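K.L.:
Using the sequences provided together with the hints, build the complete structure.
From first to last, the protein sequence lines are chains A and B.
To convert, take the position in the first sequence, counting from 1, and add 2; that gives the working numbering.
To convert, take the position in the second sequence, counting from 1, and add 2; that gives the working numbering.
Rather than coming from a laboratory, the hints here were simulated on the basis of the structure.
A couple of the hints might just be wrong.
[As the list claims (entries may be wrong)] Restricting the straight-line Cα-Cα distance to at most 25 Å, the calculated cross-link-like pairs of lysine to any residue (SDA-like) are:
no.	chain 1	residue 1	chain 2	residue 2
1	B	K392	A	A252
2	B	K285	A	S372
3	B	K255	A	G370
4	A	K155	A	V138
5	A	K285	A	R344
6	B	K134	A	G195
7	A	K312	B	A311
8	B	K255	A	T340
9	B	K285	A	G195
10	A	K255	B	G370
Bear in mind the structure is a predicted one, so any value in this text is a computation, not a measurement.
These are the residues of each chain, in order.
There are 2 protein chains.
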Amino acid sequence: MTFATHWQACPTPTAPKHLNATFVRAETATINTMFAPLQNDTFLRACLRESTAHTPVWLMRQAGRYLAEYRETRAKAGSFMGLATNTDFATEVTLQPLERFPLDAAILFSDILTVPDAMGLGLSFAIGEGPKFAKVVRDEAAVSALAVPDMAKLQYVFDAVTSIRKALNGRVPLIGFSGSPWTLGCYMVEGAGSSDYRLVKTLMYQRPDLMHRILTINADSVAAYLNAQIEAGAQAVMIFDSWGGVLADAEFKSFSLAYTQRVLSKIHKTFNGETIPSIVFTKGGGLWMSEMQSLDCNVLGMDWSVNLAKARAQLGATHALQGNLDPNVLFASPEQVTEQARAVLDSFGQPHQGDGKGPTHIFNLGHGISQFTPPENVAVLVEAVHSHSKAMRQK
Amino acid sequence: MTFATHWQACPTPTAPKHLNATFVRAETATINTMFAPLQNDTFLRACLRESTAHTPVWLMRQAGRYLAEYRETRAKAGSFMGLATNTDFATEVTLQPLERFPLDAAILFSDILTVPDAMGLGLSFAIGEGPKFAKVVRDEAAVSALAVPDMAKLQYVFDAVTSIRKALNGRVPLIGFSGSPWTLGCYMVEGAGSSDYRLVKTLMYQRPDLMHRILTINADSVAAYLNAQIEAGAQAVMIFDSWGGVLADAEFKSFSLAYTQRVLSKIHKTFNGETIPSIVFTKGGGLWMSEMQSLDCNVLGMDWSVNLAKARAQLGATHALQGNLDPNVLFASPEQVTEQARAVLDSFGQPHQGDGKGPTHIFNLGHGISQFTPPENVAVLVEAVHSHSKAMRQK
Numbered sequence: 003m004t005f006a007t008h009w010q011a012c013p014t015p016t017a018p019k020h021l022n023a024t025f026v027r028a029e030t031a032t033i034n035t036m037f038a039p040l041q042n043d044t045f046l047r048a049c050l051r052e053s054t055a056h057t058p059v060w061l062m063r064q065a066g067r068y069l070a071e072y073r074e075t076r077a078k079a080g081s082f083m084g085l086a087t088n089t090d091f092a093t094e095v096t097l098q099p100l101e102r103f104p105l106d107a108a109i110l111f112s113d114i115l116t117v118p119d120a121m122g123l124g125l126s127f128a129i130g131e132g133p134k135f136a137k138v139v140r141d142e143a144a145v146s147a148l149a150v151p152d153m154a155k156l157q158y159v160f161d162a163v164t165s166i167r168k169a170l171n172g173r174v175p176l177i178g179f180s181g182s183p184w185t186l187g188c189y190m191v192e193g194a195g196s197s198d199y200r201l202v203k204t205l206m207y208q209r210p211d212l213m214h215r216i217l218t219i220n221a222d223s224v225a226a227y228l229n230a231q232i233e234a235g236a237q238a239v240m241i242f243d244s245w246g247g248v249l250a251d252a253e254f255k256s257f258s259l260a261y262t263q264r265v266l267s268k269i270h271k272t273f274n275g276e277t278i279p280s281i282v283f284t285k286g287g288g289l290w291m292s293e294m295q296s297l298d299c300n301v302l303g304m305d306w307s308v309n310l311a312k313a314r315a316q317l318g319a320t321h322a323l324q325g326n327l328d329p330n331v332l333f334a335s336p337e338q339v340t341e342q343a344r345a346v347l348d349s350f351g352q353p354h355q356g357d358g359k360g361p362t363h364i365f366n367l368g369h370g371i372s373q374f375t376p377p378e379n380v381a382v383l384v385e386a387v388h389s390h391s392k393a394m395r396q397k
Numbered sequence: 003m004t005f006a007t008h009w010q011a012c013p014t015p016t017a018p019k020h021l022n023a024t025f026v027r028a029e030t031a032t033i034n035t036m037f038a039p040l041q042n043d044t045f046l047r048a049c050l051r052e053s054t055a056h057t058p059v060w061l062m063r064q065a066g067r068y069l070a071e072y073r074e075t076r077a078k079a080g081s082f083m084g085l086a087t088n089t090d091f092a093t094e095v096t097l098q099p100l101e102r103f104p105l106d107a108a109i110l111f112s113d114i115l116t117v118p119d120a121m122g123l124g125l126s127f128a129i130g131e132g133p134k135f136a137k138v139v140r141d142e143a144a145v146s147a148l149a150v151p152d153m154a155k156l157q158y159v160f161d162a163v164t165s166i167r168k169a170l171n172g173r174v175p176l177i178g179f180s181g182s183p184w185t186l187g188c189y190m191v192e193g194a195g196s197s198d199y200r201l202v203k204t205l206m207y208q209r210p211d212l213m214h215r216i217l218t219i220n221a222d223s224v225a226a227y228l229n230a231q232i233e234a235g236a237q238a239v240m241i242f243d244s245w246g247g248v249l250a251d252a253e254f255k256s257f258s259l260a261y262t263q264r265v266l267s268k269i270h271k272t273f274n275g276e277t278i279p280s281i282v283f284t285k286g287g288g289l290w291m292s293e294m295q296s297l298d299c300n301v302l303g304m305d306w307s308v309n310l311a312k313a314r315a316q317l318g319a320t321h322a323l324q325g326n327l328d329p330n331v332l333f334a335s336p337e338q339v340t341e342q343a344r345a346v347l348d349s350f351g352q353p354h355q356g357d358g359k360g361p362t363h364i365f366n367l368g369h370g371i372s373q374f375t376p377p378e379n380v381a382v383l384v385e386a387v388h389s390h391s392k393a394m395r396q397k
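P.N.:
So this is what it looks like as structure tokens:
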């Protein structure tokens, strides 16, 4: 079964394409009988640089170990992959943070490494350790054996997307995601996380031809994967270039950015008449702002090292900005959390108001939330972002 | 014994201060009967933005595990600290890379964490692991107990400096160094390396007052430590802000940069009539170029993520630039090493030529050399830097 026919056979929403492909979420949702109409479109509007009544907020890794209820579900599932591959469990944990906090978006519960797993590399997570692959890709033979995986192997992800979107019942939009081609490549060559990226960089510097072949396959796989998530119900997609920042300047452009752009050039910009915003987050990529500005995406994610005022001044209004509180702020007192959240909002400054498009901000952490975070400080954070960003708009 | 009287009692070079405090190395070295005259001043001249016949090159961690002779000496010493605290061993390993490669500078063999060790925190290195401290500084009581250490506890470092300078016999200049106040603070709070800096950032966000107290003590300790190294014979000093890059934008300025500047404001700019250049290297600090430009140092070190052409354009000629080849390039073929070394030189472009001062470049890696590096590729690198940088000057 080819990729295309597989997708034709899938139980994804197939409402007729809206004639006017502009951003008409409400109407489309009515047409689309599979999912409830969206009640809170703040996140999607901010992604598209439209005005909102407050600055939307969600947190990378918001469904995770800092929540007791997550740890309970995780224990029932037996393993991380047991959790990610079970539709009910994945749905349950995705919604857990929304039960506690008035977040403005949900993000699919999954891992960035599902795609290389589907390529046959054998992903596993040992307790207390990071991800590991049973097979690694370090030579010509291993590279030759690589191919865009049959998306049927990732059906569990798409089923989770559809299930979560239904369970959300229109409360907030659902974000799908993938690792970037380069970030997936790092893990595929190293076989695990790394402190120096010696193996993947050795391959990159010694055999750039092989590295480019891996990255081309990764980019095409990620594009197919994100498109399938969109077809299954994802309302926005995010590409995590978690390891782009470890590259040298020239190599970042040719081995990371170029393949992120290849993904962006292949993914759905609209689906079922709805605009599907895309977000690119390069951890440690702050000094390549002007290079990233060339990306055909809607939002650029920033880690905490970036000054949002400077980034906004540099970028103008080509992209919305997402970020960028240091997750470690959440270990301070509630008053300090509030103060730091306000500082991030003030650093971005007044977002676009009124009609048309202009500079907008989506509040987030600069990286994933720590497993040791006190959940009560997350409540404080979300409240601070909502109230301060509303107050800013009154000025 | 106070710090000052201790230093008056030390057997450091005490040649009369040259009346004209400009850069008059050759004459001063003659005055100074303790050390031989300097034969290769390329590195020092480039630090001071003076023209040189070639671009000087040295490598961070050039005396290290990638050399078989280092591993032999290390085995004799029994432990890393056994190596660092023994004057003969420290001298031997510092000179080892110079026996193999025509490097333009030597750097004291030591560790960045000797200062907190002298504060009584108990530094050790387990085989195959990073540094560990027996005591940590995480609360008010531990911070209250901190003080600038008696420099007598670091006498082994200053003895090594004098011994190495003598053994160098004027071949190339000797660089002394220290960790930055912030980087030392990271280890003092965390007790070891960290992947998320949760403990030190928790303290910083919760109790900025305590963090500032630690950093003030660290800055004053580092200044005393570097001054003592200069008095013992170091001809340039480098501050390694290895963990400055993990900070958020505002916190980098107040918790890292401000204390690096405090050190710089207190260290000898000249000694015995010789100008003592200072280098600041912030790993991951490329996006704070304009902030770092305010530092009262001679050279800014850059990691590989920085585009040297852009950095030069941004900085003008206020500071010499040092860097920035990705150490992983040294795992490629000799031809590729040569090509990448040339690309770094070409990226900086033609350095200042003729009289006066202008933009200059000191070639280095963007971080320490890997223990797995084939030494023959280091020979290729040094040759490529020397020959290509000479050829560039003929254009």
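K.L.:
Which numbered hints turn out to be false for this structure?
P.N.:
Violated: none.
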